[in-house]
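Numbering-wise, the sequence shown is residues 1 to 146 according to our numbering.
In case anyone wonders, no lab produced these hints; they're calculated from the structure.
Just so you know, these numbers come straight off a predicted model, no measurement behind them.
It is possible that some hints are incorrect.
Each computed DSBU-like pair below joins lysine-lysine, with the alpha-carbon atoms no more than 35 Å apart [claimed, not checked]:
1. K11 <-> K77
2. K26 <-> K136
3. K26 <-> K11
4. K136 <-> K77
5. K77 <-> K26
6. K11 <-> K136
Pair by pair, the computed Cβ-Cβ distance ranges are [unchecked claim]:
7. G24 <-> R79: 36 to 46 Å
8. G24 <-> R74: 11 to 21 Å
9. S104 <-> T35: 28 to 38 Å
10. G22 <-> P84: 17 to 27 Å
11. E14 <-> P49: 29 to 39 Å
12. R79 <-> R10: 26 to 36 Å
13. K136 <-> G18: 31 to 41 Å
For every residue, glycine included, the Cβ atom is placed at its ideal position computed from N, Cα and C.
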Amino acid sequence: MTVYSIGFTRKTAEQFFGALRGVGIKRLLDVRLHTASTLAGFTRGDHLPFLLRELCGAGYEREPMLAPSEELFRAIKARRIGWPEYETAFLQLMAQRRVEDRISRAGFRVPTVLLCSEPAADRCHRRLVLEYLNEKWSQALEVVHL
């Protein structure tokens, strides 16, 4: 199963929705802790479901279980911890939440993209989520970062 990830920062609405349409996304899984971002109004939680449906023919789902805790989010944003500490703590959080047992693999049978704000996946928790699930699900996912 191919699953995609995308960040919206540094993208115009045209680039963002064009990338999703280009790979045929039918489901967006929002893994952000906060969905009321002011960085890009088109990704606000109250606008995004409509825009996805109208522009891409895709559905919207929010999954807070795949977001960092508020404490972890604030620690990395305030630079009280570095990326290596964040990565370790976030993976421990995924294990504590047992997300591999609580997230349906079947949902990934349709073209799915995980959404977060970071422009690149290398330092974003969406990459960690997909790597974690892939490890737990015996490499069932082919991951493509848009």
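A quick look at each hint next to the structure:
no.: 1; hint: K11 <-> K77; result: holds (21 Å)
no.: 2; hint: K26 <-> K136; result: holds (24 Å)
no.: 3; hint: K26 <-> K11; result: holds (20 Å)
no.: 4; hint: K136 <-> K77; result: holds (28 Å)
no.: 5; hint: K77 <-> K26; result: holds (31 Å)
no.: 6; hint: K11 <-> K136; result: holds (32 Å)
no.: 7; hint: G24 <-> R79: 36 to 46 Å; result: holds (38 Å)
no.: 8; hint: G24 <-> R74: 11 to 21 Å; result: violated (36 Å)
no.: 9; hint: S104 <-> T35: 28 to 38 Å; result: violated (21 Å)
no.: 10; hint: G22 <-> P84: 17 to 27 Å; result: violated (34 Å)
no.: 11; hint: E14 <-> P49: 29 to 39 Å; result: violated (19 Å)
no.: 12; hint: R79 <-> R10: 26 to 36 Å; result: violated (20 Å)
no.: 13; hint: K136 <-> G18: 31 to 41 Å; result: holds (32 Å)
Hint compliance for this structure: hints 8, 9, 10, 11, 12 are broken, all remaining hints hold.
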